[in-house]
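S.K.: Each chain, letter by letter, is given below.
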Amino acid sequence: MYKSFLIKYAEIGVKGKNRYIFEDRLCDQIRYALERCEGEFEVTKTQGRIYVNALSEFDFDEVVENLKTVFGIWGICPVVKLEDEGFETLAREVVSYMDKVYPDKNFSFKVETRRARKNYPKESMEVNADIGAALLQAFPELSVDVHKPDVMLHIEIREKIFVYSTVIPGPGGLPIGTNGKGTLLLSGGIDSPVAGYMISKRGVKIDAVYFHAPPYTSERAKQKVVDLAKIVSKYSGPINLHIINFTDIQLYIYEKCPHDELTIIMRRYMMRIAQHIAQQTGSLGLITGESIGQVASQTMQSLMATNDVCTIPVYRPLIGFDKEDIVDVSKKIDTYETSILPYEDCCTIFVAKHPVTKPNLNVIRIHEKNLEEKIDELVQAALDTDEIIEVKWND
Amino acid sequence: MEVYLDNSATTRCLPDVAKLMTQIMCEDYGNPSSMHNKGVEAEKYLRKAKETIAKLLKVQEKEILFTSGGTESDNIALIGVAMAHCREGRHIITTQIEHPAILQTCAFLEEQGFQITYLPVDKDGVVSLAALEKAMTRQTILVSIMHTNNEIGALQPIAQAGELIKRMNPNTLFHVDAVQGFGKSKIYPKKMNIDLLSVSAHKIHGPKGVGFLYINEKVKIKPIIFGGGQQKGMRSGTENVPGIAGMALAAEEAYCNFDAKMDYLYSIKQRFIDGVCKIEGIKINGKTGRDSAPHVVSVSVQGVRSEVMLHALEDKGIYVSAGSACASNKPSISATLKAIGVEKQFLDSTLRFSFSAYTTEEEIDYTLQQLQTIIPMLRRYVRK
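Those sequence lines, one after another, are chains A and B.
Okay, so the first sequence: first residue is 1 according to my numbering, each after it adds one.
Okay, so the second sequence: first residue is 1 according to my numbering, each after it adds one.
In case anyone wonders, no lab produced these hints; they're calculated from the structure.
Treat the hints with caution; some may be incorrect.
[To be verified] Straight line, CA to CA, 16 Å or less: simulated EDC-like cross-link-like pairs of lysine to aspartate or glutamate:
1) Lys283(B) x Glu343(B)
2) Lys316(B) x Glu112(A)
3) Lys62(B) x Glu217(B)
4) Lys191(B) x Glu217(B)
5) Lys222(A) x Asp315(B)
6) Lys122(A) x Glu112(A)
[To be verified] Pair ranges (Cβ atoms, derived):
7) Gln380(A) x Tyr255(B): 43 to 53 Å
8) Val226(A) x Gln96(B): 34 to 44 Å
9) Gln380(A) x Asp365(B): 34 to 44 Å
10) Arg31(A) x Gln96(B): 56 to 66 Å
11) Asn106(A) x Gln112(B): 45 to 55 Å
12) Ile333(B) x Glu65(A): 40 to 50 Å
13) Ile366(A) x Gln96(B): 37 to 47 Å
14) Ile333(B) x Val363(A): 35 to 45 Å
15) Glu280(B) x Asn360(A): 50 to 60 Å
16) Asp386(A) x Gly317(B): 16 to 26 Å
17) Gly237(B) x Ala352(A): 52 to 62 Å
Backbone N, C-alpha and C fix where the C-beta goes; we use that ideal spot for every residue, glycine too.
Please model the complete structure; the sequences and the hints are all you need to start from.
M.R.: Structure representation (structure tokens):
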């Protein structure tokens, strides 16, 4: 029945002169999502409306599922397209449409007509009234409510006539690529993929950095992170995943610094390296999955200590989330099952039984001086191990 | 240098086996149940495989049932016997150190109302015959004991157990999981009072996804897979002709120069043990001489986690298994290591090295040399 989808967008509507940029990015992202679907499609932008037209047979549910991953979409309306064969035919077709879509007729409706083709013989108001009358005649249980209808039946008269009445909610947010790029610190845990999802919902393109520590972390742990990045890329678009070998830095810190400060100092070096990569690759900030108080390294004191080494902004979209809320999102976006696979990541291997929860920044800085002899060399060596994988959901 | 010392997990398929299988898949690909010549041709491979395997075990051809591997053989043996004999009794005896294919099947049978006794083992992983004798009752329909333990290579007193079981209750059936033992020990079911014997092809340089179950002709057993009635209705499903032919060839190869191969395996095992014992803070689990399996050595290394050691060895091209898989958030401690009383500190610090007749002395020496440098290095960094 449906051959097209009308794409409704929310916040883009208010973007003034920049609106076309947002719309173009949205079209790009819709095309990226449709690449995964069986069939041929065209995405058109006409008179402030974005349409997805199927050019071949397609799987309705598959298309809707994938359009739901596109940030910037507020609603997806499946549209019936009719040839203009006179008003009588139109009325008959609309009656049959309503019959198919709403088997149970106990509801109120309103007809809303837009006449883009002005030479159509009836005016919008007339169409509203006459179609309404035809529907009431066909289904006497129906009622009209012009203020708060249960169903808003839209009829758009263009070259062809478009009929739609249902809106499937989209994810909201802004289209990817309308807000610069950020670099996500991606571990194998539950939080960081969610942080990536949340920030890209605001139109931010993301790259990711993963620190691996062979032989303490395994090839499977690395594969897990690639898999997580791939799931996030379903929403965020392609991700450049940087894989950095962090073992030597970690062992050096282990040798030179107090054990209970290991995690904090290690994280400071992770931030430094991520920041270096961000600056080299045109990112405007770092993104982490931190949430206040979740673990020792995420108390406000610890966050201050790690933030201290950053000169670019660090975005923490989960900062006020409870763990449960994060888990809920991770289940919704399908990263949860992968996140809980039991592979050791580099944050847990040497973790102290009682790490500091309220590190003193000055003390940390002083202890970091113990590393002066070799650390620059080790950081450079770690940067040299950078392996970049382009992760794309459609691959 | 690549050194594969994980032959208890799986082995490399012999080139001749792969060649034969390719030929069957690409040319003699008929369905053995088909009436035409192409089917007859395929059936010939099955007959020949049966003949080969029956001869090696000194049993009858009709007593060999082809399966998808060790796990399926174990499942058919336990569930099939339990179903067929539940009216005579609902008691089954096994050991604490069996493979999950046995333990999980027993857990399923427990849910179905069977009572299972899990026999303990001594510090070397050997089951006690006295405990077996004590556990036997008139209700015992089946005893299942593995031939060779997969984690520490402990050999079980199968012949003595067989004799004991039949003396106490001639109706009690005796199943042996010989997935690790077949091809490393000469097993003759008729002489050892074994009624059912599970074997897998990929542990003896054959293909994965194929195995067999020896079932003594007198054993009453029910099928657990139903369908087109192949293999006399005992295991429906089109036979895996290439796999079965490949398995028979691999088995034949394993028995060729058998004694020389065993002597060689024991010699490299000893060479490895001698070398590894020179490293400080090392412990070998289980027996090490001719009274243990020729191809498995379980080594506990004080103060180093097995997963880390495994990846460090991997980095040098050496592939081994962790004694028990363990990660920070999901410990899965090995039942065997626990059963033999390995101390807590070693449970997560154990590696399994398993050899094949194709392992070279040079590979052993290279591995020893790497262990001597890796272990002290890793000991410098431990979780405090």
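S.K.: For every hint, state whether the structure bears it out.
M.R.: So, going through the hints one by one against the coordinates:
no., hint, verdict
1, Lys283(B) x Glu343(B), "holds, 11 Å"
2, Lys316(B) x Glu112(A), "violated, 72 Å"
3, Lys62(B) x Glu217(B), "holds, 8 Å"
4, Lys191(B) x Glu217(B), "holds, 15 Å"
5, Lys222(A) x Asp315(B), "holds, 15 Å"
6, Lys122(A) x Glu112(A), "holds, 14 Å"
7, Gln380(A) x Tyr255(B): 43 to 53 Å, "violated, 58 Å"
8, Val226(A) x Gln96(B): 34 to 44 Å, "holds, 39 Å"
9, Gln380(A) x Asp365(B): 34 to 44 Å, "holds, 37 Å"
10, Arg31(A) x Gln96(B): 56 to 66 Å, "holds, 59 Å"
11, Asn106(A) x Gln112(B): 45 to 55 Å, "holds, 51 Å"
12, Ile333(B) x Glu65(A): 40 to 50 Å, "holds, 42 Å"
13, Ile366(A) x Gln96(B): 37 to 47 Å, "violated, 54 Å"
14, Ile333(B) x Val363(A): 35 to 45 Å, "holds, 39 Å"
15, Glu280(B) x Asn360(A): 50 to 60 Å, "violated, 40 Å"
16, Asp386(A) x Gly317(B): 16 to 26 Å, "holds, 24 Å"
17, Gly237(B) x Ala352(A): 52 to 62 Å, "holds, 55 Å"
The structure fails hints 2, 7, 13 and 15 (numbered hints given earlier, in ascending order).
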